[in-house]
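Q: Next come the chains, spelled out residue by residue.
There are 2 protein chains.
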Amino acid sequence: MAKIAILGYGNLGRGVECAVKQAPDMELVAVFTRRDPLTVKIQTAGVPVLNVSEMEAWKDKVDVLIICGGSATDLPVLTPKYASMFNVIDSFDTHAKIPQHFAAVDAAAKGANKIAMISVGWDPGMFSLNRVYAQSILPEGKDYTFWGKGVSQGHSDAVRRIKGVKNAKQYTCPVESALEAVRSGSMPELTTRQKHTRLVYVVAEEGADKAYIENAIKTMPNYFDEYDTTVNFISEEEFNKNHSGLAHGGFVIRTGKTGMNKEHTHVIEYSLKLDSNPEFTTSVLVAYARAALRMKANGQTGCKTVLDVPPAYLSTLSDEDLRAHCL
Amino acid sequence: MAKIAILGYGNLGRGVECAVKQAPDMELVAVFTRRDPLTVKIQTAGVPVLNVSEMEAWKDKVDVLIICGGSATDLPVLTPKYASMFNVIDSFDTHAKIPQHFAAVDAAAKGANKIAMISVGWDPGMFSLNRVYAQSILPEGKDYTFWGKGVSQGHSDAVRRIKGVKNAKQYTCPVESALEAVRSGSMPELTTRQKHTRLVYVVAEEGADKAYIENAIKTMPNYFDEYDTTVNFISEEEFNKNHSGLAHGGFVIRTGKTGMNKEHTHVIEYSLKLDSNPEFTTSVLVAYARAALRMKANGQTGCKTVLDVPPAYLSTLSDEDLRAHCL
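Chain order of the listed sequences is Z and E.
First residue of the first sequence: 1, per the UniProt record's numbering; consecutive thereafter.
First residue of the second sequence: 1, per the UniProt record's numbering; consecutive thereafter.
Keep in mind that the hints were calculated from the coordinates and are not lab data.
Treat the hints with care, since some could be wrong.
Identical copies go unnamed one by one, so any copy, or any two together, can satisfy a pair.
[As the list claims (entries may be wrong)] Subject to a maximum C-alpha distance of 25 Å in a straight line, what follows is the list of computed BS3-like cross-link-like pairs (lysine-lysine): (1) 163 <-> 218; (2) 195 <-> 273; (3) 21 <-> 61; (4) 61 <-> 41; (5) 296 <-> 195; (6) 59 <-> 110.
Given these sequences and hints, build the entire structure.
A: This is how it looks when you write it as structure tokens:
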């Protein structure tokens with residue numbers, strides 16, 4: 001049994017706990033938190049909750065540490081730090097900063113003879129894999145990634161910072177006609193506005209200026225100004241009843257041409273429809289924790305991504321069973 | 001430039017030729033045929049067509065030999081035979097016989113310090129990958145593979161062997177309501193009949209007994225008796241005009257549950273819509289030929305499948321570029 005520890009017990013930490021429970025070859029051995037451990041109640045009996053200050057004492061008692069934190073400020077610090085003590089895995093998802101995160105984690109892991117895996121989840125993660133597979137198979141083509149319908153935490157946070165907003169949730173929605181145009185193989189050029197719309201549900205504070213809020217949302221640079229955005233004001237009751245979920249999903253589609261005269265068109269489509277974004281993300285993390293241990297057992301160290309992992313390493317089945325039953 | 005040779009110049013061989021043309025890091029150096037080379041005209045200028053009797057003399061002039069043959073009788077002989085002379089890759093697709101094919105090819109390749117890759121294409125191939133990824137991520141779930149709408153060569157051949165049939169084409173069609181039931185996450189148990197229908201277009205010989213032909217098709221054991229089959233008799237003109245293509249495709253869908261009480265459902269779907277089955281299959285073969293050479297350069301020998309290949313090895317991009325632009 002691989003010994004798994006969790007650092008950080010929020011939505012992602014709880015998702016890892018659930019996913020480890022489904023893994024026949026893994027056991028949860030510890031949950032580390034920056035909070036007072038007495039205030040953190042986990043769902044797995046008999047597993048200690050410990051303050052991060054105790055982590056170093058656990059470095060020989062954990063096979064993989066799954067680091068559950070935010071990409072903005074947590075992971076750039078935590079993953080390199082703990083890669084020098086543990087084999088680690090994270091879900092770092094700031095695409096533009098992956099090269100620098102990789103470099104920091106790679107240096108730390110190599111120095112400690114550990115393996116580290118970053119940016120594991122669905123985007124980056126399963127969507128990245130599908131982009132690379134499809135680009136490699138159909139070099140004469142074009143790919144498109146669509147997200148949603150799903151909750152964007154970053155955009156929801158941005159709306160909540162507007163004066164007069166009590167609570168808010170933002171959904172990113174793919175435009176159906178754009179999806180259809182892509183699937184047709186016509187390889188359209190699509191602007192940001194043509195690919196996705198944004199749908200916002202706002203609970204306003206009593207007496208707040210709703211016209212001001214709506215305008216502040218729709219004109220917010222980077223977050224909303226390039227999109228067609230719909231703002232709905234709703235009651236707190238409706239918000240809590242209908243908008244507390246964390247569903248998400250999306251599509252990676254590549255179309256390409258083959259033949260001596262590029263006369264044949266092919267469409268490769270990968271899609272996800274997820275009831276719980278954090279639980280799916282952590283299900284991917286746990287499968288890659290298994291793979292990380294196999295790569296380490298084969299002598300590999302340093303930082304890896306999903307692109308470096310042979311698919312067979314993710315499975316609990318033997319290579320023989322995979323060839324006989326899944327190939 | 002990796003030096004690629006083709007063995008066998010039918011639909012697959014022609015597809016490899018097209019795919020190599022799109023690969024900036026590969027060049028076609030020879031086409032080997034069992035026929036008289038003078039009767040084989042290829043589309044790439046300056047590349048020699050040679051009889052298979054000359055292959056041994058080329059063993060140090062080829063980096064990967066792509067073996068294009070049928071799975072029933074060609075590949076079980078050819079792939080082990082040439083794995084002792086070349087790095088090889090094939091599209092062996094008799095799922096039930098993969099373990100024995102693997103064993104024969106593995107022994108030959110290891111003995112000659114070569115790498116061999118078998119069962120590359122889309123099923124087995126990309127569909128296998130997607131089954132393994134999805135099963136590993138969502139262990140509490142169920143997956144389904146649907147094929148079509150597309151031409152089944154084996155079934156078309158079987159119909160052509162019936163007395164009075166001049167020509168025939170069989171399409172395998174997924175049942176839309178079954179696809180929808182699967183996508184709903186209800187994890188239905190589906191019989192063979194519920195998943196696919198078969199659609200047959202027949203050109204009958206003059207004076208043939210059409211009722212006999214239709215009955216012979218619909219009751220044919222293994223091929224048709226477990227399916228709802230529609231038989232259409234058409235003219236030779238209509239057949240040649242509308243049924244000469246080799247389109248295919250299909251779907252791999254897994255739904256699974258996460259959460260402490262399995263309260264969340266997720267749907268992972270991978271689908272292909274292909275104008276040309278052989279050209280897509282060979283596009284996959286050529287990408288895996290690139291990967292095979294990288295694995296060989298890393299010291300790996302013996303038989304491999306798509307499940308053993310790190311996705312990054314398929315790409316012409318460097319690891320740095322992949323992390324910066326595709327992850």
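Q: Next step is simple, just say for each hint if it's right about the structure.
A: Status of each hint after checking the structure:
In this assembly of identical chains, the alpha carbons of residue 163 and residue 218 lie at most 25 Å apart only when taken from the same copy (14 Å versus 70 Å across copies). Taking CA atoms no more than 25 Å apart as the test, residue 195 paired with residue 273 passes in both settings, with 18 Å inside one copy and 22 Å between copies. Taking the shortest Cα distances, residue 21 and residue 61 sit within 25 Å of each other inside one copy (19 Å), while across copies they are farther apart (53 Å). In this homomeric assembly, residue 61 and residue 41 come within 25 Å of each other (Cα to Cα) only inside a single copy, at 22 Å, whereas the closest approach across copies is 65 Å.
Taking the closest pair of Cα atoms, residue 296 and residue 195 never come within 25 Å of each other, the shortest separation being 41 Å inside a single copy and 42 Å across copies. Proximity of residue 59 and residue 110 under a CA criterion of 25 Å is satisfied intra-copy only: 16 Å inside one chain copy versus 40 Å between copies.
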